Amino acid sequence: MATASTPPSTPGPQDAAPRRSDRSPWNWLLLIPIVVPLIVPLYNAVDPKWGSFPLFYWLQLAFVALGVATTALVYRMTRRPAAEREAAARAATRDREG
Amino acid sequence: MKDVNVVELVIVVLLFLVVTVMGFAAARWRRAESLMHLDEWGLGGRSFGSWITWFLLGGDLYTAYTFVAVPALMFGAGAAGFFAVPYTVVIYPLVFLVVIRLWSVSHVRGFVTPADFVRSRFGSPTMALLVAITGIVATMPYIALQLVGIEAVLKSMGFTGSGFAAELPLIIAFLVLALYTYNSGLRAPAMIAFVKDTLIYLTIIVAVIVIPGKVGGWGHIFDSAADKFSATGGVILPATGQLGYATLAFGSALALFLYPHSVTGVLAASNRDVLKRNMSALPVYSLALGFIALLGFMAIAAGTKPIGTDGNTIVPELFQSSFPSWFAGIAFAAIAIGALVPAAIMSIAAANLFTRNIWKEYVHKDADSREEARVAKIASLVVKVGAVAAILFIDPQFSIDLQLIGGVIILQTLPSVALGLYTRWMHRGALVAGWVAGMVVGLWMLYEIPKKDPTGAIIKEHFGGSSFPLSKLGLDTKLTIYPGIVSLAVNLLVVVIITLILRAMKVADGVDGTADTDYTAEREDPSFRELPEPLESAPPGVAEEAVRRG
Chain D
317 MATASTPPST
327 PGPQDAAPRR
337 SDRSPWNWLL
347 LIPIVVPLIV
357 PLYNAVDPKW
367 GSFPLFYWLQ
377 LAFVALGVAT
387 TALVYRMTRR
397 PAAEREAAAR
407 AATRDREG
Chain Y
208 MKDVNVVELV
218 IVVLLFLVVT
228 VMGFAAARWR
238 RAESLMHLDE
248 WGLGGRSFGS
258 WITWFLLGGD
268 LYTAYTFVAV
278 PALMFGAGAA
288 GFFAVPYTVV
298 IYPLVFLVVI
308 RLWSVSHVRG
318 FVTPADFVRS
328 RFGSPTMALL
338 VAITGIVATM
348 PYIALQLVGI
358 EAVLKSMGFT
368 GSGFAAELPL
378 IIAFLVLALY
388 TYNSGLRAPA
398 MIAFVKDTLI
408 YLTIIVAVIV
418 IPGKVGGWGH
428 IFDSAADKFS
438 ATGGVILPAT
448 GQLGYATLAF
458 GSALALFLYP
468 HSVTGVLAAS
478 NRDVLKRNMS
488 ALPVYSLALG
498 FIALLGFMAI
508 AAGTKPIGTD
518 GNTIVPELFQ
528 SSFPSWFAGI
538 AFAAIAIGAL
548 VPAAIMSIAA
558 ANLFTRNIWK
568 EYVHKDADSR
578 EEARVAKIAS
588 LVVKVGAVAA
598 ILFIDPQFSI
608 DLQLIGGVII
618 LQTLPSVALG
628 LYTRWMHRGA
638 LVAGWVAGMV
648 VGLWMLYEIP
658 KKDPTGAIIK
668 EHFGGSSFPL
678 SKLGLDTKLT
688 IYPGIVSLAV
698 NLLVVVIITL
708 ILRAMKVADG
718 VDGTADTDYT
728 AEREDPSFRE
738 LPEPLESAPP
748 GVAEEAVRRG
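Respectively, the protein sequence lines represent chains D and Y. Residue numbering for the first sequence follows this note's numbering, beginning at 317 and increasing consecutively. Residue numbering for the second sequence follows this note's numbering, beginning at 208 and increasing consecutively.
Only chain D is shown next, with the shape it has when bound in the complex:
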């Protein structure tokens, strides 16, 4: 009965996760695609048009690209060092085959 209410197994010191951090100054860039698309007065207008598309529509569709570019940049810049990634890939392959 007691086991059901305790967390699975308490990882001992030998199999604890190494101390890492997700912190990076690059993460602050993520604020741009969160804040900009929510500033409605920025795009709530018909002109300038892009082709036949009023500003309201083409600019918001362009924000998709803003979001993609920012998240891709932050991903690139906060990626783990190559050696660590190779170790990770080896571990994943081992799991799959083992």
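One or more hints might be untrue.
Unchecked claim - With a straight-line Cα cutoff of 25 Å, these simulated PhoX-like cross-link-like pairs (lysine-lysine) come out:
#: 1; chain 1: Y; residue 1: Lys685; chain 2: Y; residue 2: Lys435
#: 2; chain 1: Y; residue 1: Lys658; chain 2: Y; residue 2: Lys685
#: 3; chain 1: Y; residue 1: Lys685; chain 2: Y; residue 2: Lys713
#: 4; chain 1: Y; residue 1: Lys435; chain 2: D; residue 2: Lys365
#: 5; chain 1: D; residue 1: Lys365; chain 2: Y; residue 2: Lys421
#: 6; chain 1: Y; residue 1: Lys713; chain 2: Y; residue 2: Lys679
None of these hints come from the bench; they were simulated from the model. From a predicted model like this one, the values you see are computed outputs, not experimental measurements.
Please arrange chain Y on chain D, whose structure you already have, making use of the hints.
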């Protein structure tokens, strides 16, 4: 019942048969260990690479109902319906750092549902129960709405009558879905997601190329919309609608990854990099969604009329009039199959919540893993039968209202589920109090929203939408706001105040079952573990128990 279009029916039935066979076959793929990447299916890091995760999360988040309802909203309400675009843009940078922490801690500690996490993080079975109930209640109408999508297609194909005969196709479709989810678990929707996305993208690309040419070009499309909404700002928002637009987009974005089915999709990824990459790849769907939304304006230009009073039939009717029957059939199949994928994942997620966090915790603590699996499978059936019953016996409009409520109530789990990934400062008692306060405020605000027709006359007194007029709070303004944001703010305020009080009174705060290093764990770490298969899984602690008994 008007005449059923035979060509469309044959194509839809054929494509439906294909995915049905795939759904059942999905179960067999598992036994052959090396068959391509399909043995990777199963929640729990069997290695869902970037591509599979993209299809899985895409099929999970962008549902058939979205494809039907967003253009219907554009058709009926104009620019306000375009909120779906900023909503699905801000969501990915917003959860970029959050989902990887959830992935890590879940894999170290063996969590499958958000309630598992809350249970362990805050040492609070009560808050976990609230998270589980909120998740189930919010998911049920979401499943029902997928059926509304299928129903719209069926109506357009000619199944317009009422009574058992008209509802029969819907019942058959869901029966098949229920059977292969029961049989194959998460693999079935996963495999079908490939077919669904191929059909959806094909339909959208063709629609965006063909329809504007037929109705007189994009210029004419925006002009007709501007005419129709000339009283309320034309093709842009009225000044009073801007706050409501931004808060609805932001609140919906906060809510989406709190839904249990989104968590299921996230946990299935093979590592943190896959998730991060997907946060920049998933917006491709948002771009598609933007053009789907504009189908609503195309329908205005084309003079499309909904069937009866059902606004959701706008897109199927537009396809009906713009495409030859064979292609309309493909487009209809895309919508119908698109409904099955998320419906299956949602019912699995709801069943997991019920089994792990309600049945195991409160009803039958000694359940062994066999019983767990049986309960979960039966629960997934019950959830789906409930969804069908909801469509057949109550007004579809009612399930749309329920879905609106679902978004507001799922937001009340944000402090414990999302903020809990970053801090344990909140007291467990305060989380419960905040949830209650947020619920009360949110439901009251939704209740107070009347529904108006374009002339401003009130059609319905209560639960009429997502724009709460601030004047009801005594403010001298015409601005409206999304109730989810207000209720969440109240929730957070209560959490902070009660936490300070309980801390000052030194009330016991439970034990944190997680460690700081759990939240950044990588796949190759010794602490990493495979998560169990959904529907065949037992909650944390039970596996060890079974081993000890054996």
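Hint check:
The suggested pairing of Lys685(Y) with Lys435(Y) holds, with an alpha-carbon distance near 22 Å, which does not exceed 25 Å. For the proposed pair Lys658(Y) and Lys685(Y), the alpha carbon gap of about 16 Å is at most 25 Å, so the pair holds. Simply put, Lys685(Y) and Lys713(Y) have alpha-carbon atoms about 45 Å apart, too far for the 25 Å limit, and the pair is violated. Of the supplied pair hints, the one linking Lys435(Y) and Lys365(D) holds, its CA atoms being roughly 20 Å apart against a limit of 25 Å.
A hinted pair counts as satisfied when its Cα atoms are at most 25 Å apart, and Lys365(D) with Lys421(Y) qualifies at roughly 22 Å. Distance restraint check for Lys713(Y) and Lys679(Y): the Cα-Cα separation of roughly 39 Å exceeds the 25 Å cut-off, and the hinted pair is therefore not satisfied.
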